[in-house]
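Visitor: One line per chain: the protein sequences are U and Y, in this order.
Going by my numbering, the first sequence opens with residue 1, and the numbers climb by one from there.
Going by my numbering, the second sequence opens with residue 1, and the numbers climb by one from there.
Be careful, since some hints might not be right.
Listed below are the simulated DSSO-like cross-link pairs for lysine-lysine, each with C-alpha atoms no more than 30 angstroms apart in a straight line [stated by the list, open to error]: (1) Y:K2 x U:K149; (2) U:K151 x U:K121; (3) U:K121 x Y:K83; (4) U:K98 x Y:K80.
Derived Cβ-Cβ restraints for the label pairs, each shown as a range [stated by the list, open to error]: (5) Y:A43 x U:H57: 37 to 47 angstroms; (6) U:H155 x Y:W106: 37 to 47 angstroms; (7) Y:A7 x U:D158: 38 to 48 angstroms.
Because the hints were derived from the structure by calculation, they are not lab data.
Each residue gets a CB set at the ideal place from its N, CA and C atoms; glycine is no exception.
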Amino acid sequence: MNTKKAAAMFVMMSKKNTLPTPKSPGTSTADATRYQEECGSCHLAYPAKLLPARSWHQIMTTLPDHFGDDASLDEGLQAEILAYLSAHSASNKSRMMKGVGYDDVPLRITELNFFTRKHRKIPERMVQGNPEVGSFTQCNACHGSGAVKGKFNEHTVDIPGFGRWDD
Amino acid sequence: MKLLIHALLGTTLSLLLLSQQTLADANSQLDGYRQQGAGPFSAEASERLWSSTSSNQEQSGRSCTQCHGKDPAQPGKHIKTGKVIEPMAVRSNPQRFSDAKFSEKWFLRNCKWTLGRECSAQEKGDVITWLNQY
Numbered sequence: 001m002n003t004k005k006a007a008a009m010f011v012m013m014s015k016k017n018t019l020p021t022p023k024s025p026g027t028s029t030a031d032a033t034r035y036q037e038e039c040g041s042c043h044l045a046y047p048a049k050l051l052p053a054r055s056w057h058q059i060m061t062t063l064p065d066h067f068g069d070d071a072s073l074d075e076g077l078q079a080e081i082l083a084y085l086s087a088h089s090a091s092n093k094s095r096m097m098k099g100v101g102y103d104d105v106p107l108r109i110t111e112l113n114f115f116t117r118k119h120r121k122i123p124e125r126m127v128q129g130n131p132e133v134g135s136f137t138q139c140n141a142c143h144g145s146g147a148v149k150g151k152f153n154e155h156t157v158d159i160p161g162f163g164r165w166d167d
Numbered sequence: 001m002k003l004l005i006h007a008l009l010g011t012t013l014s015l016l017l018l019s020q021q022t023l024a025d026a027n028s029q030l031d032g033y034r035q036q037g038a039g040p041f042s043a044e045a046s047e048r049l050w051s052s053t054s055s056n057q058e059q060s061g062r063s064c065t066q067c068h069g070k071d072p073a074q075p076g077k078h079i080k081t082g083k084v085i086e087p088m089a090v091r092s093n094p095q096r097f098s099d100a101k102f103s104e105k106w107f108l109r110n111c112k113w114t115l116g117r118e119c120s121a122q123e124k125g126d127v128i129t130w131l132n133q134y
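Pulled out of the complex, with its shape left as it was, chain U reads as follows:
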């Protein structure tokens, strides 16, 4: 091959791709922030990895009756948040989903097999009977700031009024 051709090929091969690579929907930091802002305004913005995409879909498409509350969102925002949740949701193989059938659409994290197994030894007086906690839905009460990030390490648990959990 002559030098001219070689040079042309070299230029073509090293030319930078100037078109922006489109990001998969729901994977930008802005999406995560939006989820926090919108869904964290009444309760902890539960980490997306705790439920499968089909559950998030069911929840996000029934917002006017969201566990008894009206959590309506405008369509655009709803779609963006659903994309975010789906992109980060639990896969069927994840340990979170143990015991959940492929056709099941669990709506409550606290009713997942995985969850109940992890929390089965905790006495009622520490949660439901504890005015500083009240319910297992208040993950951050015992799991602190790690909860919103999806970190629930047993060794960092601190139950208000009772202290660390020593198993």
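With chain U's structure known, arrange chain Y on it following the hints.
Guide: Structure of chain Y alone, referenced to chain U:
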């Protein structure tokens, strides 16, 4: 020195403009309601609405006070989740009503939950007026 003075002037000006902006947005929301035929707005009417309990069957017993408290200058608490809600009164929380989209979103949800219907432009105007003055 000159830099310091310029910086101070700049900050003061932008703070002034920002507070004007807050008031401007509340007022522009009120203007929007006036264009829909509402007004004049009454703080007393809002006070009554705030403390009233719904007589609708589905919304039986619900009231703004259940989450926002009787005194809007104090923080409230979500009746189910316990999440702290910042005060509604503008003097306690200057951010209130600075974003029309935000206000409309919450009016929509909360009126529907509490009253079983959307709040009218008159009711929303009354509420904003009361919370601005409280």
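Visitor: When the structure is checked against the list of hints, which entries are broken? Sort them ascending.
Guide: 1
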